[in-house]
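Assemble the complex: chain A is given as a structure, and chain B must be docked to it using the hints.
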Amino acid sequence: MVELLAPAGSIEMVEATVANGANALYVGPKGWSRRRDAYELSDEALREAVRIAHARGVKVRAAVNTHPTSQELPRLLRRMEVWVRDGIDGVILSDVGVMAAVHRTFPDLTIHASIGANILNDEDICFYREIGVRQVVADTKLSLKELRSRREIEVGVEVLIHANKCYTYLGKCWMSPYHRLERGQDESGKDLFKGSPNRGGLDYRVCLEAWSLLRGNHDPWADRVALKNDAFFLLEDVPHLIDMGVHTLKIQGREYAVDLIGRMIKFYRDLIDTYSADPHDFDLGPWKARLARIQAQRDLERAKGTLDLFQEAREAVQGCQR
Amino acid sequence: MNRAFELNTGISNMKDLMASDLGPYDAVYLGNPFCRDYEANFLERLEDLRAGIRHCRGAGRKVYLTTYAAPRNYFLPQIRRAIAVAAEEGVDAVEAHNLGVVRILHAEFPGLAIHIGGFANVYTDTGAAVLRDYGAARVTPNYELSLEEIEGMAENTGLELEILLHGKMPLGISDYCFLLEYEKVWGMKCPDLCQQDLYLRQGEWAMKSVGKGVLSGRDICMLEHLPRLVAAGFRSFRVEAISEDPVYRRDIGQVYQEALEHTVSGAYQILGDWWKRIQGHAKVGLCNGFHFGQSGQLYIGSQPSAGFGETSASSVEPLSRTVGSQLKVIS
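Which chain is which? The protein sequence lines are A and B, in order.
Quick note: the first sequence uses this note's numbering, first residue 5, plus one each step.
Quick note: the second sequence uses this note's numbering, first residue 267, plus one each step.
Hints may be right or wrong, so weigh each one.
[As the list claims (entries may be wrong)] With a Cα cut of at most 25 Å, we get these calculated DMTMM-like pairs of lysine to aspartate or glutamate:
hint, chain 1, residue 1, chain 2, residue 2
1, A, K169, B, D441
2, A, K194, B, E417
3, B, K455, A, D227
4, A, K292, A, D227
5, B, K549, A, E240
6, A, K194, B, E421
7, A, K149, B, E305
8, A, K149, B, D303
9, A, K292, B, D303
10, B, K542, A, D223
11, B, K450, A, D223
12, A, K194, B, E414
13, A, K232, B, E414
14, A, K232, B, E417
15, A, K232, A, E305
16, A, K169, B, D303
17, A, K145, B, E447
18, A, K145, B, E417
19, A, K145, B, D441
20, A, K169, B, E449
21, A, K232, B, E421
22, A, K145, B, E449
23, A, K270, A, E240
24, A, K232, B, E305
25, A, K169, B, E447
26, A, K145, B, D303
Just so you know, the hints here were simulated from the structure itself, not pulled from any lab data.
In this text, all values refer to a predicted model and were calculated from it rather than measured experimentally.
Isolated chain B, as found in the complex:
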């Protein structure tokens, strides 16, 4: 595929890759960055990684390897092995969230393109510039930055920046999986526990748990804001679906593939059942993350139903309020 933009997503293992329709996507990040024990993680199953890369290549997709977001010393040998396999297979880039891994890539794999992941904490233009000097070809700015800041970073550094377009925004990573405490209670063991679509709820607050990873409860949704993103020159977009099933990946990808094609051709519009499909997959509702400089769980936009928020499980009524004079916020 050779389009004016790149829509990409992440897939953890061979099972998910084979069950996923890559049709809407231009590129795929292989590997689960949260946990070494994630079921058949590409980063630990190197033959699967090799086959996964070939599968994506065969489907005409770009393929990237992601790496662990919080690697300790004892992770590094396996990370080096996974990168070596990826290099042999000719991946298009390796994503690093850890600056030690960036250093390894720069020093030991000089031919490989480096993408900097969202956990690398790139908050400043000068930070991005430091990483450019270490070979970074693309940067995902820290999720806490507003679009205004990201636009400034793109202009001031000239770096290609990747934007989180839709999906569960990472909120944190741990070395400890609290779900393991429930193995006996639920009669279920790792690695099945973290794949149960689990949400942490506290009143109106919600976060998704994947054990060591904490994600936003609401789905980031930038469908309404594509014209601004495209006008600002962004062309690399992520659907963050590492914790989602293949149906989610397909449906959300199809919506954004169509929407982006319309937007880059100058004919942006929201069509047919797009909202219905998006909302059908957002169990807690939608938000914009930090893109507009507000609390990450808020949704700002003109679609009154976009932040529909609460599902039957919630005892909390949606809260509406007005921000500024124009925008309706439903939280």
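Okay, chain A solo, but in the shape it has when bound:
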């Protein structure tokens, strides 16, 4: 049975995702993941998340899906020792150096290559497998045909069924920190890079602004240029993905409201179970209407979040906060 992987940006979200049928969830240890710290968990909360999840047979992954500084690696490995002792089942990583070091230090820990690793072809997958990765998150731009070839390679494949499809390839973009980067440290001395998602800070989503296009920087060619960037829910593809044997269907959204994430998980749990029980008599019709209601709430939350980020992106850089 395909695994349904849920986000958990708080203990309340851990409870909601477990209650609504997730098979696994991922949490961001404070300071080390690709989200604002409000949606990351302290070590104590992470321990509690593991306790709640394991009590219901749900696995927990720690998302350390950023590129730390080189000097931080020993600190990261010490922290990981704590998370492993507390019972995490796997870790989501982006940096090849971190992957190699974690694999050397914790050879039994399952390493998932994050979507931030931007794995685009079969040779990529072989590279990551050789350095210790057991499961990869497929880039959102890959087609079903491209995903199908992954079956030939002995590695688990994870597909995002709710996420955002950026204009650029995720992990290969530094538009946000080009416009605003704020360096700092948290109370433990961890380096923070507000504005750089690759380095663990928030993303100001500057690509979503309404841009003008000028030839030679003076001759106006177009107004309100949109760099294509869509948040999406997969629906029609889910049965195909299950049939293809992908290992995990993943939902993004640690920053969304708990009740919205709970509804998303419930929706996909029901969809997966219904299809799996009777694939031949499955009708997508009723599911479309139900998903439309969830999507409307998601769109509202996302739009508000984006406007807040635009405003924040224009603030002068000062102090050292994240």
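Same frame as chain A, but now just chain B:
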């Protein structure tokens, strides 16, 4: 040429190569890493690639092949063919931005030197070390690293690192070209669209668009900081001019060739009209990228006019502020 440093640049096709003065450069990267449809891309025109390699060789330059920054499965056969031609012609190295391509080079072309490109996301010393084990001879660290971090990487790995010295810093790459939506409106088609010197503007923000590629609006400029770079032991420098015309490539190259010669001989100084020439080509202004740990579009240095920034198209006044107690930032 056999100098104490290497100044290199990138050129996409034969037309640009023939129109470019290679005089200031020690080495050239051939190929456009952003798009397979870029006009007569060396990576797709293998006879042109062969001729281009020979042309550079004949001019006494080192020659490298670059490869696509975001290759999907269906790119790989053509990448293999291009590498094979490059290997036959005896290129000095192949640049890979994708770790799958690194693996291909390591396994299938064991005699070829591998350069790791800026899109490969080398952020850590351990990451660089992993790639050294896959045969990397040179690494361009991710553009987000500060000079302090890059210096540490050089010391801790012993790898040769390439530094972005001047030009448009890559900010992202897509599989989709939004310029195609404007073919009818502008009466212009691919592959001419992305060669129109197009800038995305939003108030004081600016980025350059080459369709699938997004570049910094401002030109990275490290002219003032050459003594630090040379003192740190860096000797491989890139003028990122893949989206620029041959005049830009020549003028900027000449400035840095002279400046580097002065710097390595211990007589660093900024001469004559260097600033004027640099500023004349920087339509939005200058910046330092992430080299000093700040927002990429800022310029830090002692030249008050270096971040002159806005041109006549902008309605936004340059913003000045002070960072720390020493440095003036003009953004």
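Structure-based check of all given hints:
no.: 1; hint: K169/A / D441/B; verdict: holds, 11 Å
no.: 2; hint: K194/A / E417/B; verdict: holds, 20 Å
no.: 3; hint: K455/B / D227/A; verdict: holds, 19 Å
no.: 4; hint: K292/A / D227/A; verdict: violated, 34 Å
no.: 5; hint: K549/B / E240/A; verdict: violated, 47 Å
no.: 6; hint: K194/A / E421/B; verdict: holds, 22 Å
no.: 7; hint: K149/A / E305/B; verdict: violated, 28 Å
no.: 8; hint: K149/A / D303/B; verdict: holds, 22 Å
no.: 9; hint: K292/A / D303/B; verdict: violated, 37 Å
no.: 10; hint: K542/B / D223/A; verdict: holds, 23 Å
no.: 11; hint: K450/B / D223/A; verdict: holds, 18 Å
no.: 12; hint: K194/A / E414/B; verdict: holds, 17 Å
no.: 13; hint: K232/A / E414/B; verdict: violated, 35 Å
no.: 14; hint: K232/A / E417/B; verdict: violated, 37 Å
no.: 15; hint: K232/A / E305/A; verdict: holds, 19 Å
no.: 16; hint: K169/A / D303/B; verdict: holds, 23 Å
no.: 17; hint: K145/A / E447/B; verdict: holds, 19 Å
no.: 18; hint: K145/A / E417/B; verdict: violated, 35 Å
no.: 19; hint: K145/A / D441/B; verdict: holds, 8 Å
no.: 20; hint: K169/A / E449/B; verdict: holds, 24 Å
no.: 21; hint: K232/A / E421/B; verdict: violated, 41 Å
no.: 22; hint: K145/A / E449/B; verdict: holds, 23 Å
no.: 23; hint: K270/A / E240/A; verdict: holds, 17 Å
no.: 24; hint: K232/A / E305/B; verdict: holds, 23 Å
no.: 25; hint: K169/A / E447/B; verdict: holds, 18 Å
no.: 26; hint: K145/A / D303/B; verdict: holds, 19 Å
Figure legend: structure checked against the earlier numbered hints; hints not met, in rising order: 4, 5, 7, 9, 13, 14, 18, 21.
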